[in-house]
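*Asks:* Here is how the chains run, residue by residue.
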Amino acid sequence: MRIVQLESDTQIGGVMLILTRKLGESIVIGDDIKITILGIKGKQIRIGVEASTGMTVHREEVYRLIQEQNQQAAKSVEVPGEQLSAIWDKLRNRPLP
Amino acid sequence: MILMQRGILGFEGYKRFVLLMPSAGEPLLWLQAVDEPGLAFVVANPAVIKGDYNPAITAHDIESLDIQRGEDIVLLSIVTVQPQPLRVTANLLAPILINAANRKANQIVLEYPAYPVQYLVLEDDAMRGRDGTQQQIDRGQIDKLSVAMAAL
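Here the protein sequences come in this chain order: B and W. Numbering-wise (numbering that gives the first Met the number 0), the first sequence opens with residue 0 and increments by one. Numbering-wise (numbering that gives the first Met the number 0), the second sequence opens with residue 0 and increments by one.
None of these hints come from the bench; they were simulated from the model. A few of these clues could be false.
[To be verified] Think about it this way: if two alpha-carbon atoms lie no more than 30 Å apart in a straight line, the pair counts; the simulated BS3-like pairs of lysine-lysine are: (1) 14(W) - 103(W); (2) 74(B) - 49(W); (3) 33(B) - 103(W); (4) 40(B) - 21(B); (5) 42(B) - 21(B); (6) 49(W) - 103(W); (7) 74(B) - 14(W); (8) 21(B) - 33(B); (9) 14(W) - 33(B); (10) 74(B) - 103(W); (11) 49(W) - 14(W).
Build the full structure now, drawing on both the sequences and the hints.
*Replies:* So, in structure tokens, the structure goes:
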């Protein structure tokens with residue numbers, strides 16, 4: 000079992016934990032998640048994530064983009080049902096090319 | 000009743016949903032949260048929106064919902080409707096995957112950036128699709144959706 004060298008304060012839960020790893024080294028979170036530094040090339044870092052099958056892993060900006068879109072979509076309920084029907088009518092009655 | 004396993008991204012607390020069909024034969028449906036009357040999503044069969052929609056569903060996604068047969072797979076895209084000015088988009092990047100056999104569902108995230116989060120379905124009064132061409136709705140897809148929905 001590797002002992003991880005921690006920098007400064009090591010508070011967990013809502014605060015960012017900062018660690019320094021070398022190529023090939025890993026971080027273990029909880030019992031199920033293992034993150035490994037696989038490669039470093041210029042400004043890009045290749046990261047490997049091993050997690051139990053119940054978990055999903057996403058790039059943060061993609062995750063955020065979908066969350067925001069979902070929030071927008073949830074507001075669509077304020078559109079009256081008749082308008083939704085009208086939208087479908089428009090789609091269906093378009094002249095065929 | 001549809002049972003979300005992980006919930007919709009950003010709304011993970013809401014796991015129980017029902018699918019409501021405002022009018023028979025129309026592919027725009029409501030995914031209504033059982034436990035929160037104010038929370039509902041307009042959804043549609045993505046194949047009706049984009050005929051060649053072919054998402055790569057991973058083994059992980061299949062296992063998460065205990066999917067045993069291909070026929071049990073139902074996909075729905077969350078549709079965003081902006082009323083003024085009218086703009087309708089569908090999220091093709093993160094569809095709702097449903098196992099019709101056990102009602103379990105998840106919002107899955109496909110490999111980025113293959114499909115857009117905002118696929119333009121309709122804008123203003125012009126019937127222009129994302130690539131500027133007229134889009135044709137396949138009636139066969141509408142029937143398939145009705146059959147799939149009836150099974151749920």
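*Asks:* The structure should be examined with respect to each hint, and the outcome stated for every one.
*Replies:* Hints versus structure:
Taking the CA atoms of residue 14(W) and residue 103(W), the gap is about 10 Å. The hint holds against a cut of 30 Å. For the suggested pair residue 74(B) and residue 49(W), the alpha carbons sit about 23 Å apart, so the restraint of at most 30 Å is met. Between the alpha carbons of residue 33(B) and residue 103(W) the distance comes to roughly 28 Å, so the proposed pair stays at or under 30 Å and holds. Proximity of residue 40(B) to residue 21(B) is assessed by CA-CA distance (about 13 Å); at most 30 Å being required, the pair is judged to hold.
Only pairs whose Cα atoms come within 30 Å are accepted, and residue 42(B) paired with residue 21(B) is accepted, the gap being roughly 15 Å. The suggested pairing of residue 49(W) with residue 103(W) holds, with an alpha-carbon distance near 24 Å, which does not exceed 30 Å. As the CA atoms of residue 74(B) and residue 14(W) are separated by approximately 18 Å, the hinted pair is consistent with the 30 Å bound. In summary, the hint linking residue 21(B) to residue 33(B) is supported, as the alpha carbons are separated by about 15 Å, within the 30 Å threshold.
With a C-alpha separation of about 28 Å, the suggested pair residue 14(W) and residue 33(B) falls inside the 30 Å cut-off, and the hint holds. Under the criterion of a C-alpha separation no larger than 30 Å, the hint pairing residue 74(B) with residue 103(W) is consistent with the structure, at around 24 Å. Simply put, residue 49(W) and residue 14(W) have alpha-carbon atoms about 28 Å apart, close enough for the 30 Å limit, and the pair holds.
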